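**Student:** Following the hints, complete the assembly by docking chain Y onto the known chain B.
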Amino acid sequence: MSISKSAYSVAGKSGKIEKHTIVVWVDNEAGVLARVVGLFSGRGYNIDSLVVAEVDKKNNLSRITIVTSGTPRVIEQIKLQLKKLIPVHKVADFPKDKTLFRELALLKVVSSEQKRKKAIKICKKYNSLILDKTNKSFVVEVTALRKEIDKLINFLQPLGLASISRTGVVAMSKGSDVFGENK
Amino acid sequence: MTGAAIVFKTLEEQGVDTIFGYPGGAVLPIYDELKNHKKIKHFLVRHEQGAGHAAEGYARSSGKPGIVLVTSGPGATNVVTALTDAYMDSIPIICITGQVPTHLIGTDAFQECDTTGITRPCTKHNWLIKDVKDLSKIMHKAFEVATSGRPGPVLVDIPKDIQFSKTKYISYKNKKQLSIKKNSLFTQKDIETTVEYFRKSSKPVIYSGGGVVNSGPEASKLLRDLVRITGFPITSTLQGLGCYPGEDNYFIGMLGMHGTFEANNAMHDCDLLINIGARFDDRITGKIDEFSPKSKKIHIDVDPSSINKIVKVDLPIVGDVTNVLKSFIRTLKKKYPNFEKSNKEKISKWWRQIDVWRDKRSLNFINSTKIIKPQHAVKRLYELTKQEDVLITTEVGQHQMWVAQYYKFNKPNQLMTSGGLGTMGYGLPAAVGVQVANPGKLVIDIAGEASVLMTMQEMSTAVQHKLPIKIFILNNEYLGMVRQWQELLHEKNYSESHTQALPDFVKLAEAYGCVGIRAKTPDELDQKIKEMIKVDRPVIFDCVVDKEENCFPMILSGKPHNQMLLGKQNEEEILDEGKTLV
Chain B
1 MSISKSAYSV AGKSGKIEKH TIVVWVDNEA GVLARVVGLF SGRGYNIDSL VVAEVDKKNN
61 LSRITIVTSG TPRVIEQIKL QLKKLIPVHK VADFPKDKTL FRELALLKVV SSEQKRKKAI
121 KICKKYNSLI LDKTNKSFVV EVTALRKEID KLINFLQPLG LASISRTGVV AMSKGSDVFG
181 ENK
Chain Y
1 MTGAAIVFKT LEEQGVDTIF GYPGGAVLPI YDELKNHKKI KHFLVRHEQG AGHAAEGYAR
61 SSGKPGIVLV TSGPGATNVV TALTDAYMDS IPIICITGQV PTHLIGTDAF QECDTTGITR
121 PCTKHNWLIK DVKDLSKIMH KAFEVATSGR PGPVLVDIPK DIQFSKTKYI SYKNKKQLSI
181 KKNSLFTQKD IETTVEYFRK SSKPVIYSGG GVVNSGPEAS KLLRDLVRIT GFPITSTLQG
241 LGCYPGEDNY FIGMLGMHGT FEANNAMHDC DLLINIGARF DDRITGKIDE FSPKSKKIHI
301 DVDPSSINKI VKVDLPIVGD VTNVLKSFIR TLKKKYPNFE KSNKEKISKW WRQIDVWRDK
361 RSLNFINSTK IIKPQHAVKR LYELTKQEDV LITTEVGQHQ MWVAQYYKFN KPNQLMTSGG
421 LGTMGYGLPA AVGVQVANPG KLVIDIAGEA SVLMTMQEMS TAVQHKLPIK IFILNNEYLG
481 MVRQWQELLH EKNYSESHTQ ALPDFVKLAE AYGCVGIRAK TPDELDQKIK EMIKVDRPVI
541 FDCVVDKEEN CFPMILSGKP HNQMLLGKQN EEEILDEGKT LV
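If you read the sequences in order, they're chains B and Y. For the first sequence, counting from 1, position 40 maps to 40 in the numbering used here; every step adds exactly one. For the second sequence, counting from 1, position 365 maps to 365 in the numbering used here; every step adds exactly one.
Only chain B is shown next, with the shape it has when bound in the complex (with noise of 0.2 Å):
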């Protein structure tokens, strides 16, 4: 048997990494993003994504989107200490099958004319629409899951993609189901 030299107790077994989508209300004062974000890195905890907006002026509540990944465990812990912060009203984690998750890219072409057409053309099978043309760029948005947004990218890669602006990732509850009401 090993001998640690530590004053802590070796790591034990670990579970296996998951992704979930967290949803948090809260209220939207200043420093709330920073004790969100405070919380994931002071406790070693991902972030693979977030969004943060106003979606209540009235009552001036924000909703943060978060991917994560983390063991079940963790997963658990990261919902429950979201939960003890004090401008947090409610906390949801969003089942893979049940939700719609969306993501929005802008995406500038600078290049020939004969390799913007091509792009246009690809773009097209995409959810997209154009925004801005010019006789050497175009700009276009679209908005799909991510991974279908990384294929488009590989797609225009050689056909003089010159500058990407990409959200993390939103998402809505499928159904009738609300999510929201305060905790």
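The set of hints was computed from the structure by calculation and includes no laboratory data. Take these hints with a grain of salt, some might be off.
[Stated by the list, open to error] Below, in silico cross-link-like pairs of lysine-lysine (DSBU-like), each with a Cα-Cα straight-line distance of 30 Å or less: (1) B/K19 <-> Y/K141; (2) B/K79 <-> Y/K141; (3) B/K83 <-> Y/K130.
Predicted model only: the values in this text are computed from it and were never measured.
**Tutor:** Just chain Y now, with coordinates in the frame of chain B:
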């Protein structure tokens, strides 16, 4: 009313009569207002960390929240250690910090720091006041957050211009019930399931913790009732000591890294583990995979995030300990009126096993007639003070564990110690706060010479405010626990753990204007301790002890509870096993 006046108005409405603090530029308007509030007494410390620990000692020994008032910048950063300490040990603290005027925030002004940013991870919540109209509401909210659920520290950062500006005071008249009541999420079914677990178990053990203290004095009474009714053995964490009488036969000692042989073996072999207000800290559990492998586990905690954080439990009960224990006892009495009798027989075999472990006498040590053994010093201190109304604080290290092992606590709120954060320098300022909350009682900080030097300046506070605290230093010239680990695990390479120059503590006491006493031999120890108790002034007691004594028993890293390393007096029995452990 000015912002400064509103601060005091809220404090008065919340029943505060004591503040620990230190003035400075950004908090002067609040200090100026102090003269108008005769009911509130301010205790001037010598360092803001001292104010924080004093507030902790005050809170822990009185059950009321502790109040800290300090200035911006260094005032705020100095208090961070104490806030973190209070956060780890669930102590309610309201810390009010001054801040540079609003228009200077973010400009790197003199004595500016991002106080709310720095203290965000070490408080339950904090606020930067941007509008004086929010001040009274936020001050009251701060009290609610600090004292409800699992208690903890909060911080309110008030820019200097807000302290001057005027608005109406909003009273806290519609006092809502604190959410500590709302955190009872358990059902009667949970209680009934628990009672069935009780009935079926033949090897139960109760493991109680600081949550029992935090729940209030009634929780300790109920805990004693529960033990009497069930006849179950009970062990306790460091923070829970005193909730159950230390000398009672049902009490099998503290558990964990330096716990007793019987407590740790009982934890390992039990078939039912009842965690009451403890949090499966790593000093308790050791190696998680081998922690209490055969037991069903019940976990009572007011904080839902404590459940399943470290150890997966079979039955979580989220609620305040007092409420939960009341329900247990009521249901138990109703369903099984004869539980006491019928159960005694059922678990008698288990008790016989515990007695076998007890016979190991894991707290025995080889005493000396020439030199004071630190364990002996703590034992004598206990014997000579147990008749008094005594409150104990400690620093952190070997002496802290010897206190936990040899000083028998009989009441909750009797031991104040830094358990979670392990803050050397906690005990002396904490004793200041304890004495403030408990005038006339005997308050002793059982200290190590290294720890106590970290906050020694607070002796001056004790002298100024006529607080007759007793600093009982077990002086071995070493960072004892560091030295012990180096002896056992780093081939006796005592890297930087010996303090080659130390002050003469007797002369130091005199310099501070208090009394210095020194004991060098076992013969004179009792007499000197009696002398210390009699003095009605602050005392520094320099107890010169064996330099290389180790704290046993202990569980080494990565070992399960049933593989403890015992002291020299048990050496023959464990020689071979002991070798592999070290």
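**Student:** Against which earlier hints does the structure fall short, listed by number upward?
**Tutor:** 1
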